[in-house]
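S.K.: Chains as they are written, first to last, in the numbering used here: chain A, 1 to 156; chain B, 1 to 75.
Quick caveat, the hints were computed from the structure, so don't treat them as lab data.
Where a beta carbon is used, it is the ideal one built from N, C-alpha and C, also for glycine.
Please note that the accuracy of each hint is not assured.
[Unchecked claim] FRET-style restraints, in silico, Cβ to Cβ:
no.: 1; chain 1: B; residue 1: THR17; chain 2: A; residue 2: LYS15; range: 43 to 49 angstroms
no.: 2; chain 1: B; residue 1: LYS40; chain 2: A; residue 2: LYS13; range: 21 to 27 angstroms
no.: 3; chain 1: B; residue 1: THR36; chain 2: A; residue 2: THR79; range: 27 to 33 angstroms
no.: 4; chain 1: B; residue 1: PHE66; chain 2: A; residue 2: PRO96; range: 45 to 51 angstroms
no.: 5; chain 1: B; residue 1: ALA51; chain 2: A; residue 2: MET1; range: 32 to 38 angstroms
no.: 6; chain 1: B; residue 1: ARG55; chain 2: A; residue 2: VAL54; range: 29 to 35 angstroms
no.: 7; chain 1: A; residue 1: GLN69; chain 2: B; residue 2: ASN12; range: 42 to 48 angstroms
no.: 8; chain 1: B; residue 1: SER75; chain 2: A; residue 2: ARG76; range: 32 to 38 angstroms
no.: 9; chain 1: B; residue 1: SER37; chain 2: A; residue 2: ILE51; range: 20 to 26 angstroms
no.: 10; chain 1: B; residue 1: ALA51; chain 2: A; residue 2: GLY33; range: 35 to 41 angstroms
no.: 11; chain 1: A; residue 1: MET1; chain 2: B; residue 2: SER37; range: 42 to 48 angstroms
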Amino acid sequence: MNIYEGMFLFEAKEKAEWEPLRAHALEILERHGAKVLREEKWAERKLAYEIKRVRRGIYFLTYFEADAQSIDAMRRDCTLSELVLRVMFLRRDALPEEKKPEEPESSEGEAKKPEGEKQPEGEKQPAAVGAESASTPEADGDGDKKEEKEKDAAAE
Amino acid sequence: MAKRYKQFSSKNRDRFTRTGEEIDYKNFGVLQKMCTSQGKIFSRKRSGNIAKHQREVKQAIKRARFMALLPYIGS
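From just these sequences and the hints, can you work out the full model?
M.R.: The structure is reproduced here in structure tokens:
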């Protein structure tokens with residue numbers, strides 16, 4: 001028996017209820033003898049690209065204990081299911097500690113970063129070995145570079 | 001150019017050693033910073049990652065792409 005992390009992706013419909021989707025995922029797991037250790041609705045967000053004409057998705061994160069042989073069968077069941085858009089099973093050495101989902105309601109995913117934004121110095125993009133060649137049109141990246149350049153000038 | 005290199009050599013350029021952030025496909029906000037706006041993964045030279053972390057980042061980005069958290073091809 002190993003510990004696995006299973007991530008399910010469902011379509012986020014306008015008025016769809018969450019409960020049947022959750023039950024569906026758990027049913028697939030339990031059908032193959034998995035013991036679910038933890039489950040949470042991880043996020044509901046806009047997908048990075050369309051999958052089967054679906055733009056918004058709900059992510060369902062589970063941790064479960066199962067036999068290695070049963071994983072293939074679960075994956076097959078998920079592929080056959082019409083509700084599950086994507087599924088990914090990863091083996092984990094241990095159950096990770098409980099922690100707050102970082103941005104469960106965010107639809108863009110890049111609106112704000114929860115942590116690690118404090119250090120003003122270290123956080124800057126390492127400016128530019130080849131800043132010119134690696135053209136990144138993002139506005140903030142350029143801003144960083146400019147700031148670095150100013151700093152360089154000041155240092156000299 | 002040589003001067004530039006020297007300036008950054010003293011600091012640890014690897015984001016994950018510096019901040020202790022977890023490299024995981026679910027942590028896609030951080031992974032996004034390792035990508036161009038087109039969705040390409042930055043080289044080690046550009047991102048400053050140590051080899052071990054770059055390998056993990058590569059794996060995590062590919063997983064995040066599969067789950068539609070990150071784009072295969074950006075805007």
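S.K.: Which of the listed hints are not met by the structure?
M.R.: 2, 4
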